[in-house]
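Let chain A serve as the given structure and place chains B, C and D on it in line with the hints.
Protein chains in written order, with our numbering: chain A, 12 to 324; chain B, 12 to 324; chain C, 12 to 324; chain D, 12 to 324.
Worth double-checking, as some hints may not be accurate.
Same chains, same label: a pair holds when it works inside one copy or across any pair of copies.
Claimed, not checked - Taking lysine-lysine and the BS3-like style, the derived pairs with C-alpha atoms no more than 30 Å apart in a straight line are:
id : residue 1 : residue 2
1  : LYS220    : LYS299
2  : LYS318    : LYS69
3  : LYS49     : LYS299
4  : LYS193    : LYS49
5  : LYS69     : LYS321
6  : LYS296    : LYS164
7  : LYS299    : LYS35
8  : LYS321    : LYS49
9  : LYS49     : LYS296
10 : LYS64     : LYS164
These aren't lab readings, by the way, just hints derived from the structure by calculation.
Protein chains: 4
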Amino acid sequence: MIFTSKVNEILDPGYGVRYERHTKRIINTDGTFNVIRKGVGFSSRNIYQDLIKMSWVKFLTINILIIFTLNALFALLYIWIGLDQIEGVAVGTGFYHDFTQAFFFSFQTFTTLGYGRISPTGDLANLVSAIEAMIGFMSFALITGLLYGRFSKPNISLEYSSKMLIAPYRGGKGLMFRIANKRHSVLVNVKANVTLTLTLEEDNTTVRKYYQLKLERDGIQVFPISWTIVHPIDKDSPFNDIEMVNISGSDLEIMIQIQVFDETFGQIVHSRYSYLSEDIEYGAKFLKSYRTEESGEIILDVRDLHKYEKVNL
Amino acid sequence: MIFTSKVNEILDPGYGVRYERHTKRIINTDGTFNVIRKGVGFSSRNIYQDLIKMSWVKFLTINILIIFTLNALFALLYIWIGLDQIEGVAVGTGFYHDFTQAFFFSFQTFTTLGYGRISPTGDLANLVSAIEAMIGFMSFALITGLLYGRFSKPNISLEYSSKMLIAPYRGGKGLMFRIANKRHSVLVNVKANVTLTLTLEEDNTTVRKYYQLKLERDGIQVFPISWTIVHPIDKDSPFNDIEMVNISGSDLEIMIQIQVFDETFGQIVHSRYSYLSEDIEYGAKFLKSYRTEESGEIILDVRDLHKYEKVNL
Amino acid sequence: MIFTSKVNEILDPGYGVRYERHTKRIINTDGTFNVIRKGVGFSSRNIYQDLIKMSWVKFLTINILIIFTLNALFALLYIWIGLDQIEGVAVGTGFYHDFTQAFFFSFQTFTTLGYGRISPTGDLANLVSAIEAMIGFMSFALITGLLYGRFSKPNISLEYSSKMLIAPYRGGKGLMFRIANKRHSVLVNVKANVTLTLTLEEDNTTVRKYYQLKLERDGIQVFPISWTIVHPIDKDSPFNDIEMVNISGSDLEIMIQIQVFDETFGQIVHSRYSYLSEDIEYGAKFLKSYRTEESGEIILDVRDLHKYEKVNL
Amino acid sequence: MIFTSKVNEILDPGYGVRYERHTKRIINTDGTFNVIRKGVGFSSRNIYQDLIKMSWVKFLTINILIIFTLNALFALLYIWIGLDQIEGVAVGTGFYHDFTQAFFFSFQTFTTLGYGRISPTGDLANLVSAIEAMIGFMSFALITGLLYGRFSKPNISLEYSSKMLIAPYRGGKGLMFRIANKRHSVLVNVKANVTLTLTLEEDNTTVRKYYQLKLERDGIQVFPISWTIVHPIDKDSPFNDIEMVNISGSDLEIMIQIQVFDETFGQIVHSRYSYLSEDIEYGAKFLKSYRTEESGEIILDVRDLHKYEKVNL
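The shape of chain A in the complex, shown without the other chains (with noise of 0.2 Å):
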C-alpha cells in the first residue's frame, strides 16, 4: 500500500523516519511510547517525577528503608552520645539491648510521639532529640505530600472502540472510532489529534510516512454519551481509492491523542491510544451505545461501544 497522495504528510512529526529495520508499534495499547532514552546523565532527572511515577511498591519500600535507616543512624548517635543522658533506659546490658532501645527511644522522637518513659536529661541528647523530632515530622509531612500527589495525580479511563470502522458517510466512506468517559466526572473542552503513520522499504531502509488525517469536527465541548470521531475519506484522504485488502495486509498504525480538561481534577489530561491494520473493520457501522429507561432516564452501557454491525459500501 503505497499512498501517493502528499496533502497533510508531516515531514517530522517527532518520532523518526528513516530506520534500520522494522520498528514494532509506536504507540502500545496502554498509552506509552515505544521508545527507550539513553544517554541522559543523572543530573537532568527530577526526583520529584521520578517519586511521583514509580510503582507503589517501589515507593513504599524505598519510604520505609529510609525512615528505618534514619532512625538506626539516631539510635547509634544516642548510643555513642552515651544513654546515661536518656532517663528510662537500662544501660549496660549489651549492645543489642542498648540499640533496641536507642531504636525505639528514637522512633518515639521522630514520630513525635514522646510517651515520656524514656526522655533525655543530658543536654546534647536533648538537642540531637530535638532536631530529630523537627526532622521526623517534616519527614512524614513530605512523604504523605507523595502520598497525596500521587493518589491526587489527574488521569483519565478512557473506552475507546475495539474497532475503527470504514462506514458510509455523508454518500461516500468514513473512517470512525468512538469514544466514552468510563467515570462519572464530567469531560469538557474535548480534542482529538488523529494521525496515521505507515512504514515503506526504500534502499535497504524502513521508511516511516506520516499523514494528518483530517476529522469531521477537531473538538466537542462535552460527551456525557459518546463520541464519535469521523475521518472522511475524500479525496485528499490518504484512504481514498483504497481496497480493503491492501489494508489489512499493510502495517499502519493510527495514532489517537485526546485531550480533555477533566473537572472534577480542574486539569488537562491526555489518553493516547493506537489502532493496528487488524482493527480496521471494512463495512461496518457503530450501533446506538446508549438506552432510554421508561422513566426517561438515558443509559449508557460502555461495552456497547464496541458493537457494530456489518454494511456494505
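Okay, now just chains B, C and D, sitting in the frame of chain A:
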C-alpha cells in the same frame, strides 16, 4: 415545530441522537447530565475522584469508620502481643477491660499524643507502636489533604435569568438570557456556548436534532455587573420564522455552557444550565439590574437579573 | 467629546450602559471594580474563597477564636464527664481551677502534645481525648493549608507608566503606555486588552459607551525589560481627529487588563489598571527605562518607566 | 551584516532597542535573562516567590535560624514567667542551666513531642506552652509546604542540539536545530518561538533589531524522539542572500522559547535557549539520533542529538 434549516446542525454532539422513547431533559437544573453510566468495571474508577465528589456525610462516615477499625485492629494486635509488654495497663481483668485499655493506648499512639501513662516496654510492642504512629500521622495528613481538597475545590456560582427572552435586537429579534456572578471573586475570559436540541418522531423512534446557536459574541473579558448573551434571530437561525405558539408546545431544550477563569481559585471553571420551552418569553426585554448610589458606586442586585417587561415585536 | 465612530463599539461589555447618575471610575487604581453586589444569599458564598481573600488580621482572629472556643467546650465536656476520670488533676478546688486545669489538659490533647502529667484514665475521658486529638490534628493541618494557600496565592506586581502618552507613531499618532514586571520572576504569554469608556448625557440618563481599542500587538512572548502597548490613532480609532482640549475635559476612562503566565507560580495571573483623562499627556514620548553597564549587563530601573519628554505632534 | 528586509521585524520585543554600548547576550546559556532590575521597593516583592526560588542552602539556613530564634525567645519567656511553674526543671542553678532547660522544654513543646518529664504546672506556663505548640505545629507544616513546593516545582530538561545548521531544505536552504526531552515524562502541545536579534551601530548608539523567524511548523503534538525546528530561508527570511562569512563575523543572537505541557506535572513549562553566530554551521545536516533494536524497540541516544555531517549547499 420542525426546523428546515440545516445550518449549524451538529451531527454528533456527544448526547446521542436516536432514542426508543421520549427522554427527560438532558441537562438538569443543577447543571448535571441526565445520563447513567453502566458496564464500567471497578478498575477504571478513581478513588480520589470518588472521595472528592461524595457527600460530606458519606465522606466523614467512611473516614471515622476507617480510623476506628484501624485502632481496633491495633488494639487486638497489642492484646495478642501481650499487654504485659505495655506499662500502665492493668492485666487480667477480662477481655472487655483489656480491649478498652489497648484501644485507648492505640489511639494515644495513632494520634501521636503519647501521654505516657501507658507506654510500651517490650520490643514487639515498641515496634508496633512506632509503626502505628507513622500510619496514624500519615492517615490524618491524608484525610486532611482530602478535606482541604474538597473544601478548596473550585466551583462557580452563576445566577441565570429565570427566563430567556425573545426581544427586539438591532432592528430584528434576538434570543437572550443573562448571567451574573453571585460571588465577589473576579471571573475573566468568559466564554459561552449555546446548543438547541429538540426531538422529532420518525418511524417510531425519537430523533434528537442539535443546533449550535450563533452568538453576537461568544466571549467577554470580565463582567463585574452582568452579561447578556444574545443569539441574533437571523436567516441562519433555527428560530427564524417561528411563532411563539410553536415554541411553547414543543419540547426543545436550550443547553448553555459557560467557561470562566476564576481569579481566586486560579483555575478554569464551568457552569451548565438549560432552558425548556416554558422558560422562553416571546416579546419581552430585560430591565436594568444595577443602579448608582449618590456616592457614585454601582450597585448590582442579583435578584433584579430576572426582571423584564413585555414589549411588542 | 462625542465620538461619531461606531467602529469597535462594544454593546454589552459587562459593565452596564445606562445609569441614573454619574458614576465613579469603574476600575479603581488598585485594580478592583467599583461595583457592590447585593441580593446574594449566604448559600452561594464559598467559605474557602472568603477565607483566602479576607485580611490577615481577620483571618488570624477567626482562627484563634475558633481554637479557643473549641478547647473551652472540650474543657466543659471533661468537667461534665468528671475530672476524677483524669489523672493529675486536683479535684474539688472550685470551678475556676477545675476549668483552667481541664482547659490546659484539653490544649495538651488538641495539639497532640500529651505531656502526660495530666492524662485520662476513665473510658469516656479516654474516648473524648482521642477524638479531640483527631480534631486537633486536622484543625491545625486545615489552618496551615489555608495559611499556605493565602501565602502562595499567585499575584502579579506590574508597574504601569504613570501617564498615557499621545506620541508620534509610524508617521501618525499613537496612544501609548508601558508596563514592567517589578519582580524577578519571568512572565510569559503576555496579552493586553484595552477598552475605552466614556459617558454621555442623554434624556436625563447617563449613557456609557464602550470601545475596544485596537492595539499594534495584543501580545508578546516575554518582556524582561518593559513593554510599550500602542493603540495606533488611525481612521478607525475613536481618538481620530480629537484635540487634547477635548480629552482633558472629558470623563473618559481607559481600562487595561493584562494577562500573563507567571513561571514561578506556574499559573495565569491578571492585572487591571485604568487611566483617566488627566492621566493622558498629549504630545510626549517615553524615554529609555534601561541602560547598559560597562560589563555588558542591561540594567532596568523601574522608576524610569514613568519618564517621558514633550514633543510636537 | 545589515538586513534590508523589513518583513517580520518586531518593533518592541520587550528587550529594548537602543543601548549606549554593546551588551552581553540577552539569554544566557542556562535560559535566564541578562537583565538586572532596580528601583523596585520591598513592598512589591513576594515572599513566597523568594522562598521558592532561593538556593537550598539559603532556604535551609533561614528556616533553621527562625526555628532556633523562636525557641530561644520562648525559653526566655518561660524564664521570665518563672521556672517554678514548670515541673521537672531544677531551679536556681544559674542562667546557663536555666536557659538550656527552658530551651529544651520549649523544643519538646514546639515539636509537640511532649515527653512529659518536664511539663508546665502554672497557668501562665500552661497557656504559653499551648500557644507554642500551636505555633510549632503550624511552622513545621508551613516549612514542609514550602519544601514540597520547591521540590515539586515544575521544570523541564530539554537537550538542544549544540549547533544550528544551515542545511538543504525542500530544494532550498533552512536554518535548523533540534530538541529532545531528557526525561521519561511525556511532553505534549509543544510550541516553538524563534527570534533573531542583532545590533547595528547608528550615530554612536547601539541599535538592536529583532526579527520573528517564520517556522515550517510552530508546534507539534508530542515528540517521543526528537523535533527538528526549521526556519525555511525563503525570500522573506532575514537570512536570504547571506553568505556564511557574514554570519560568522556578526554578533547575532537567535533566541528560542519552547512551551510544553508536561503530563507528569500537569502544567505548562517553558524552556529558553539562545544560539550565537559561532553556534551556526553553514552547509551541514543532522544525522539520525535514534536506532532500532532487533526486538523492534526504538532507542534514542540523547548524545546523538548533536551529530551532523557537512554537506555542500
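Now the hints, each set against the structure:
no., hint, result
1, LYS220 <-> LYS299, "between (35 Å within a copy, 16 Å between copies)"
2, LYS318 <-> LYS69, "neither (40 Å within a copy, 37 Å between copies)"
3, LYS49 <-> LYS299, "between (47 Å within a copy, 14 Å between copies)"
4, LYS193 <-> LYS49, "between (36 Å within a copy, 9 Å between copies)"
5, LYS69 <-> LYS321, "neither (48 Å within a copy, 47 Å between copies)"
6, LYS296 <-> LYS164, "neither (37 Å within a copy, 41 Å between copies)"
7, LYS299 <-> LYS35, "between (34 Å within a copy, 18 Å between copies)"
8, LYS321 <-> LYS49, "between (47 Å within a copy, 25 Å between copies)"
9, LYS49 <-> LYS296, "between (44 Å within a copy, 22 Å between copies)"
10, LYS64 <-> LYS164, "both (10 Å within a copy, 15 Å between copies)"
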